[in-house]
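A.B. asks: Let chain E serve as the given structure and place chain X on it in line with the hints.
Chain residues, written in single-letter form:
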Amino acid sequence: MMQLIWDGLFVGSFYALIALGYSMVYGIIKLLNFAHGDLYMLGAFIAFAVLSSLGGIPASLSIGALLVVLLLSMLLTGTAGVLIERFAYRPLRGAPRLAVLITAVGVSFSLEYGVAALAGPNPKAFPIRLEGEVFNLIGARVSLPQIVLMIIAGLLMIGLNSYIHNTSTGRAMRSIALDRNASLLMGINVNSVIARTFFIGSALAGAAGVMAGAYYGKIDFLMGFIIGLKAFTAAVIGGIGNIKGAMLGGLVLGFVEAFGAQWFGGQWRDVFAFAVLILFLTLRPTGILGERVTERV
Amino acid sequence: MRIKRHSTVLITIAAAVLLTTSGCSGGLLGGGESEGESAGPIKLAMVIPISGSSAPTGKYMENGAQLAINEINEDGGILDGRELELVVGDEACDPQQGVASANKAVSAGAVVSVGGYCSGATLPQLPIFEKAGIPMIIPAANSQDLVNQKLKNVFMINGTGKQQSTAALDFIKKQGFTTVALVDDNTSYSKDINVETAKQIEEDGSATVALSTSVTAGESDYSAVVRDIMNANPELVYWTGYYQEGGLIINQLKKAGFAGQIMVADGSVDPSLSEIAGAGAEGVYATMTQTPDTIEGAEDWIANYEEEFGSAPGPYSTQSYDAVRLAAEAIEQAGSTDGDKIIDALEAIDGFTMFSGPLKFTPEHTLSSGGFVILKIQDGTFVLEDDLS
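From first to last, the protein sequence lines stand for chains E and X.
full-length UniProt numbering applies: residue 1 is where the first sequence begins, and numbers increase by one.
full-length UniProt numbering applies: residue 1 is where the second sequence begins, and numbers increase by one.
Treat the hints as calculated values from the structure; they're not laboratory data.
Errors might be hidden in some of the hints.
Result set (EDC-like, lysine to aspartate or glutamate): computed pairs, CA atoms no more than 20 Å apart in a straight line [what the hints assert, rightly or not]:
1. 254/X to 131/E
2. 59/X to 293/X
3. 255/X to 133/E
Just chain E, same shape as in the assembly (with noise of 0.2 Å):
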């Protein structure tokens, strides 16, 4: 049982993580960037980028090399965000949401098959393996790494709430969200506020590529599909467009996945998923948290 809760917690952070770049974008122009699960693929692959280029690192310090080229990798991945947002996006503002879909759906394809020209189609090995003492945590058997990962993945969430509860960036997004016009009469710099959602979501997803790499060990191109589906589910789950909804989206997801595979047998785990997105689609399309409104980002 304690497993159970562990383990949903766990992937379900990941989940969180990529979510919440998806719904600050439905949030702030009601896009569903279907990219996004890709940008969770980039960032793994930057990141193993720059550590090959830098050789064999000593086990002693691969905490301390994984934390920088997660901000590295960050950053760069947040880039690509503003480039994709710049280029694909932007000169489609106007054009009808379906138009952008389909640019999201290339952009995606792009993503993936661009990356497996540039460093081969062949699934590699990340080069830092974050291995761990194992404990045990009332019943539940848990991993140091797992935990690092965990408190990397909160802290990463708590920055970004006050972030958009306490800056004036932040208070911009809000109310490009609520209204995009009266924001431009109010004297926002919308393109600029746009930019930036999408370099923190897609810091966001990069970030969790990298920390999926150190911990699983295999990368590949198409890494970013599968799991950009559950952050989408996520993200509807929680109530898209809503920032503390996509972070629980995640954490419930991660349960519902957890114990749907106790309950059902681990083939019906996506099955279950699914169906409770189904579910949640036509019951409650707004999420858990949805209609609040005020906090939209």
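C.D. replies: Chain X alone, transformed into the frame defined by chain E:
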């Protein structure tokens, strides 16, 4: 005016199609119609993974086949001096790509197919080659589904899923494991071995199946199946999928403190398995057909291969090499490149020497014995553990 231009285009296309199809028998690149059947190089189709996660194995197969072709051509070719030529197509382990490449190979004028690695991508190619009357000698793909349709043109020279399951059971009995968990990735090949092994274990009765389950390929987190396995607590876990997921599952099982043994099927026998699984891969068993480095007396062959391609042979290099030699032998026996005659010649072959032993096909066109052995990972590489003889 518009209509007229339209019809001109149509006529041009029709003419192009006609030209292409009439050139087929002799091959698009190989000379004109008149030479077609009786002169020019004899083409062998090889549809294998050139891209995608199984691409490294595709290269081993292509090189193995090319080595055989070089040897045969140096010896003066077949059918009074005609040379062999390999037409390689990419299947990418994807059914659609496989079909497209098979069609391309057929229209390039291939007379025998010597490819096929991923069973899921090879299955939809069967009717294409069958309709074209082209015999298939499948070197690697080994799902039972390939021969279940009882197509006359399909021959398998790798052990089948059934034979692999028998090898797994033999080893389970030898080691005295009493509880076994079977995990597959829901692909044709993998599911096949899982179901067949479960059936054979139950019929045999010396062990019980504690768990039989599937995972979704392409994910990173397999904690659900790891929990299931920990709850079932088997003495042996048998993973029947490919190495990417296999590496992750081994790693996550070891992290979760799994104390039993782990065995993988031939799709997971790849150097990357231990890279992905990390230290946890030590001591993992595998059911596998003979690879060059586990075959006695293959040293000369390995040296030739290395000289030719500058790298060591890998999984299915030998089977591909044998597939080409077998194709050449059958064409020679048939005395022509006619598909039906080659099929008859293949069925009649008895005692043809291959790496896996003397060849004689069973009535369902599979090997009479699978030639599976048990490998074990030591210091990150697979070495022979038990030849099950």
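A.B. asks: Mind listing which of the numbered hints don't hold for this structure, in increasing order?
C.D. replies: Structure breaks no hint.
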